[in-house]
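Protein chains in written order, with our numbering: chain A, 1 to 456; chain B, 1 to 103.
Everything labelled a hint here was simulated from the structure, so no lab data went into it. Values in this document were obtained by computation on a predicted structure and should not be read as measured data. Just so you know, even glycine gets a beta-carbon here, dropped at the ideal spot from N, CA and C. Among the hints, a few may not be true.
Unchecked claim - Here are the simulated BS3-like pairs of lysine-lysine, each with C-alpha atoms no more than 25 Å apart in a straight line: (1) Lys63/A <-> Lys113/A; (2) Lys10/B <-> Lys241/A; (3) Lys14/B <-> Lys56/A.
Claimed, not checked - Computed list of chain A residues with no C-beta within reach of chain B, every gap over 12 Å: (4) Ala129; (5) Ala249; (6) Asp280; (7) Thr281; (8) Val291; (9) Ala303; (10) Arg352; (11) Ser361; (12) Gly365; (13) Val375; (14) Leu380; (15) Leu390; (16) Glu432; (17) Arg449.
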Amino acid sequence: MLQTRRTRVLVPSGALGLNYDKPALARGIAARPDLIAIDGGSTDSGPAYLGRGVSKYARASTKIEWRGLMEARAEAGVPLVIGTSGTCGTDTAVDWMLDITAEIAAETGQRLKVAVLRSSQDPAAMAEAWQAGRIAPLPHAPPVDAEVFASCTNIVALAGAEQINTALATGADIVIAGRTTDTAIIAAMPLARGCHAGASWHGAKIGECGALCASNPQSGVILVDFDEAGFTVTPLADGAKASPHTVSAHMLYENSDPFILYEPGGHLDVTAAEYAAIDDTRVRVTGSEWVAEDRYTVKLEGARIAGYQTVLMALLRDPRYVENAARWAEDITAKCRAKTEERLGLAPDAFRIELRLIGQSASFGDLESRTGDPVEIGVLGIVTAPTEALSDEIGKLLNPYLLHHPLTAAEEQPTFAFPFSPAELSRGAGFEFCLNHVLTLDDPMDAFRLELVTVG
Amino acid sequence: MASLGQIAEKVRSKNAGPFWLTIDVFCGTPSAYAQVCQGLSTARVARSLGADPGHVKRFEIASLNVVKFSLPRPAVQGAPEDRDMHGASWAALLAELEINAGA
């Protein structure tokens, strides 16, 4: 039986790019953590980041915040881990993060050993894995076939604790990981050091958004202490307090089931967890359970191009047009669709033209339950087509309608406000998430690649 | 009659991954919690969100005075027909539902 070594993980914030409280970080370093762990991404900002393999945060913000963490790491003399680098965790995003790290190392005169864990998957290999029956759908996964895998511009597998521990075991100063589960970067070290498995995953889930599990949630910095029976959460910013209520409520956050969390190799069950206040700032949690599964699976995320988009915006301020906006928009859509079919020779299902009425129904469409009397209506025109050239062409067909379309044939030609020129903005490729599946692995490292590099 | 938003402390909607939406109703007090548990049926929630009631998962968490609903996203996150990338506004549709005060 592995001797438990208590493990203290410092989490600076919910994501690199969201900033963190500097005095609180200094307090965390003074508390002598065993690891500094921060998440670099999420799917929450949409499929384009994965589709393109880029970060949503400014490079300048990422660099300034990462430099602060690299300096904190040097002071603490412990490993620094980032999971889901560059928002999406593709190999290109990992390279971006490695490039920033090398720049900072050179600028600050640090010479560092970096373990780089890559999570990108070859779409053709995933198509084969699908045909070989090694990929299974999760509940309400979109229907897929081999062609869907092959058409993805990026596919990543979500690494778990095993892969992070393989990276940490190299003795690296910094681990730059591609896509991981949000929790894996925090849970890995306590698991490797024999801490309670349920507590390791549960404490990681509570800690992965930084101080969101406490009052003063934007302050970021928290400590999570893991041991043989449970874990303790300590927010570090002035005025930030964790209570049994704030900590247990965090299991609700962006989680479809507040009691069960699936991870590579098993699932966490917190049904029997007990949350106790140690004082007015810290909370102790026990009773969380890890249920190991025989099969080792990792979740896959994939994005592919879902057509090209061109958007337009017009403003209705004339009260008669504001009042009749829905009828006006329906009429334009029908006429512009007919013209698109006639002049571009496109089949009806090959393109979309949608006018969303901001101020009336843009949030919910037909599901909107409220009506009002808006001062003005923003008309957001969204064209989706198989190529960028076609979406731009349709945008140009739509332009004159949005500018001049009358409610009745007899009236003088109206003109509506366009806020900018050109009125058509090409968005380029639009992306869609197309995988909600798991891949079965014989060995946890099978889908991942580890490389050791020296920077500075 | 009062709306759910008036009875509860807060109604929050978020993505739970690209394929699921989750809505947390923080009732604040045991009495508000009881009122929401009794007065807000899963079928009504499904209807207001345009969802299949069979797909809506309901969690009643008395220790937090929270009622939580999770459902497959009405449109997959980021798909051309998706109107709300972060699932931020769906809470408003629920918050505006009238809850029978005496129920």
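Going through the hints against the structure:
Straight-line distance between C-alpha atoms of Lys63/A and Lys113/A comes to about 18 Å, which keeps the hinted pair within the 25 Å bound. Restraint check: the Cα-Cα separation between Lys10/B and Lys241/A comes to about 20 Å, which is no more than 25 Å; the hinted pair holds. Taken as a hint, the Lys14/B and Lys56/A pair is honoured in the structure, with Cα atoms around 19 Å apart against an allowance of 25 Å. No Cβ of chain B approaches the Cβ of Ala129/A within 12 Å, the least distance being about 20 Å, so the stated non-interface status holds.
Distance to chain B contradicts Ala249/A as a non-interface residue, since its nearest Cβ pair spans about 5 Å, not more than 12 Å. A cut-off of 12 Å between C-beta atoms confirms that Asp280/A is not in contact with chain B; the least separation is 19 Å. Separation of Thr281/A from chain B is adequate, the least Cβ-Cβ distance of about 20 Å exceeding the 12 Å criterion. The claim that Val291/A lies off the interface holds: its Cβ sits roughly 19 Å from the closest Cβ of chain B, which is beyond the 12 Å cut-off.
With 12 Å as the threshold on Cβ separation, the claim that Ala303/A sits away from chain B is violated: the shortest Cβ distance comes to roughly 8 Å. For Arg352/A, the non-interface assignment is contradicted: its Cβ lies about 6 Å from the closest Cβ of chain B, within the 12 Å cut-off. Its beta-carbon lying about 10 Å from the closest one in chain B, Ser361/A breaks the requirement of being farther than 12 Å from that chain. Annotated as non-interface, Gly365/A brings its C-beta within 12 Å of a C-beta of chain B; the closest such distance is 7 Å.
Val375/A, annotated as away from the interface, keeps every beta carbon of chain B farther than 12 Å; the closest lies near 20 Å. With a closest Cβ-Cβ approach of about 10 Å to chain B, Leu380/A is found to fall inside the 12 Å limit, against its non-interface label. At roughly 14 Å from the closest C-beta of chain B, the C-beta of Leu390/A stays outside 12 Å, upholding its exclusion from the interface. Look at Glu432/A: its CB is around 5 Å from the nearest CB on chain B, not clear of 12 Å, so calling it non-interface is violated.
The Cβ of Arg449/A sits about 25 Å from the closest Cβ of chain B, beyond the 12 Å cut-off, so the non-interface label holds.
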